[in-house]
Amino acid sequence: MEAILACAMEVLLAEGIDGLTIGRLAADLDYTKGALYRYFASKDALIAELQVRSLRRVHGRYRALWTHARAAMAELTPRQQALGLLAATADDYVHMAADLPADFALIRVAVGDPRHLLAAEEVAPVMET
Numbered sequence: 001m002e003a004i005l006a007c008a009m010e011v012l013l014a015e016g017i018d019g020l021t022i023g024r025l026a027a028d029l030d031y032t033k034g035a036l037y038r039y040f041a042s043k044d045a046l047i048a049e050l051q052v053r054s055l056r057r058v059h060g061r062y063r064a065l066w067t068h069a070r071a072a073m074a075e076l077t078p079r080q081q082a083l084g085l086l087a088a089t090a091d092d093y094v095h096m097a098a099d100l101p102a103d104f105a106l107i108r109v110a111v112g113d114p115r116h117l118l119a120a121e122e123v124a125p126v127m128e129t
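The sequence shown: position 95 = 95 (the working numbering), numbered continuously.
Note that these hints are calculated values from the structure, not bench results. Be aware that one or more of the hints could be misleading.
DEER-style ranges, computed between Cβ atoms [as the list claims (entries may be wrong)]:
#1 Glu2 - Trp66: 25 to 31 Å
#2 Leu85 - Asp28: 39 to 45 Å
#3 Val52 - His95: 21 to 27 Å
Every residue gets a Cβ at the ideal spot worked out from N, C-alpha and C, and that includes glycine.
Assemble the whole structure, with the sequences as input and the hints as a guide.
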């Protein structure tokens, strides 16, 4: 499954959401479409899994950042701490494109594309994350 996800992410980065198809992945991986459908019921399910994994990595990154920042700002007022966390988050977001390019690109596509990219039943795992 990891090879499928890695290939799907490469296609997304290179060609966007419209370039990602089950047929394209099958051809790139030398699998049959049926073999891919054993792992993912649809393109939507595949995208949902990629988003969940990306969001978990980004969430872990921010949890670590906020833990460190809170400790460093323990002596500041609550207002100063809130502003410091906001500044640290914004600064980290600027660097995320270089540090986590695939995750950043996937989140950017998911946030910036006005189309409904996932079917309603595929949204729940992403929203939960």
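So, going through the hints one by one against the coordinates:
1. Glu2 - Trp66: 25 to 31 Å: holds (29 Å)
2. Leu85 - Asp28: 39 to 45 Å: 41 Å Cβ-Cβ, so the 39 to 45 Å window holds.
3. Val52 - His95: 21 to 27 Å: Distance hint for Val52, His95 holds at roughly 23 Å.
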